[in-house]
Amino acid sequence: MNVIRPYAHGLWLGFRAMLPFMLTAAPVAITFTISAQQAGLSPVEIQLMSLTMYSSSAQLATVQLLTSGASVFTMVLMVMSLNIHHLLYGLSLEKSIEFSRLKRFVAAYFLTDVTYALTIERKARFSFLLGAELSMFIAWNLFTALGLLMGQLLVAVSSAHLDFVVPLSFFLLLVSSVKTRTGLNVAVFSACATALCLFVQLGSLTIILVGLAGAFMGAAMSERQRLAVKPS
Amino acid sequence: VNYIPLILVLASAIFVCRISGFTLKISRPSPFWEQFLRFVPISLFAAIATSSFAKDGSFVGARLIALVIAGGVTWYTKHFALGILVGMLTLWGLMFVGVG
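Residue numbers (the numbering used here), protein chains in the order written: chain A, 247 to 478; chain B, -17 to 82.
If you are wondering where the hints come from, they were derived from the structure by calculation, not from laboratory data.
It should be emphasised that the depicted structure is a prediction, and the values quoted were computed from it without experimental measurement.
Virtual Cβ for every residue (Gly too), placed ideally from N, Cα, C.
Misleading hints may appear alongside valid ones.
Claimed, not checked - Simulated crosslink set (DSS-like; lysine-lysine; CA at most 25 Å straight-line): (1) Lys369/A x Lys425/A; (2) Lys349/A x Lys369/A; (3) Lys37/B x Lys369/A; (4) Lys341/A x Lys425/A; (5) Lys369/A x Lys341/A; (6) Lys425/A x Lys60/B.
Said to hold, decoys possible - Distance ranges between label pairs, derived from CB positions: (7) Arg347/A x Val81/B: 50 to 58 Å; (8) Pro252/A x Asp38/B: 25 to 33 Å; (9) Trp15/B x Leu455/A: 14 to 22 Å; (10) Gly39/B x Leu430/A: 21 to 29 Å; (11) Phe78/B x Leu442/A: 32 to 40 Å; (12) Ser314/A x His61/B: 39 to 47 Å.
Could you put together the complete structure from these sequences and hints?
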C-alpha cells in the first residue's frame, strides 16, 4: 500500500502534466489520418501505425513516401533519421532514473520529445515518466480514431493554430532549464545552429546534430571553467 | 496492398532508436561527459523549439511576440501551464487584431 500510493501519485502527476499537450495531438493526428486514408491505407492499418510507430513525424513521412512509391529501405532510413535523437533522450534519462529491464523497455516504447522534456525538467521518477507517456499515447491514439470516425468534420480544428503549442512548450521548457550563463550560451548557439541547418536544408538530421553540438559546446565551456578554477 | 508487415518493420526501426540510448552503457562517465549529458536537454529544447517554430511560415511576428511574452511570464512566475495559456491567448489576440 505504502509503495503503491506514491507510485500512483507520480503516475497521476505525469498524466496531468501532459494535459496541456494533449490538444496539440489533435490537428496532427487528424492531418495524418486524412492523408493516410487518401494514400489508400485501411482504418486498421492507420490505427496500427499510431499504436506501434507512435511518432507523428515518422507516420506523416511514411504516408508521403508510400504515395511517392519509395522503397522499404528508404522508409526505414527515413523513420530512423527522424527518431535517432531519442538515443540522447535514453542516455540522459538513464542518468537520472533507475530502470529495471522491463521499465527500460516500457519507457523506450512510449518515449516522446515532450514526455522526456517534462521528466528531465522536473527531475521526476519513473512513475511520472510513465504517466506522462501513457497520457500522450492515449491522446494520440484517441485522436487518430476520432480522425477515422469524423474525418473532414475535424479539419477546422487544425486552423486554430494549436500546433503553436509545440514550439511554445519547448521554448518555455528551455526558459525553465537555463539557469547559468553557459546554459544560455548553449541555448543561443543551438537555436542559431538549428536555423542555419534548416537554411541549408539538413532536414531531419538537424535535431540530432544540433543536440550533439550544443551539448558538446556546453561541456567544453564547463570543462574550461573547471580547469581555470582548479589550483595548479 | 497489405501494409501491416511494412508498418511493423518501421515500428521496429523506431523502437531500436528509442531503446538504444537506454541500453548503451557508459560506466562512470568523465566530468566532461557528465557535463555533456547535462547540456543535452538545453540544446535539444532549443533545436526543437526553433525547428518547430520554423515549420509554420504564417503569423511569424505574432508568434514571436507570443513566445517572448509567454517566456517572460514563465520566467517570472515559474508556472509552465500559465505560460502556455498566456502564449496561446496572446497569439489568438494578435491574430484577431491583424498582427501578422
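Which hints from the list above does the structure break, by number from lowest to highest?
Result: hints 3, 8 break, sorted rising.
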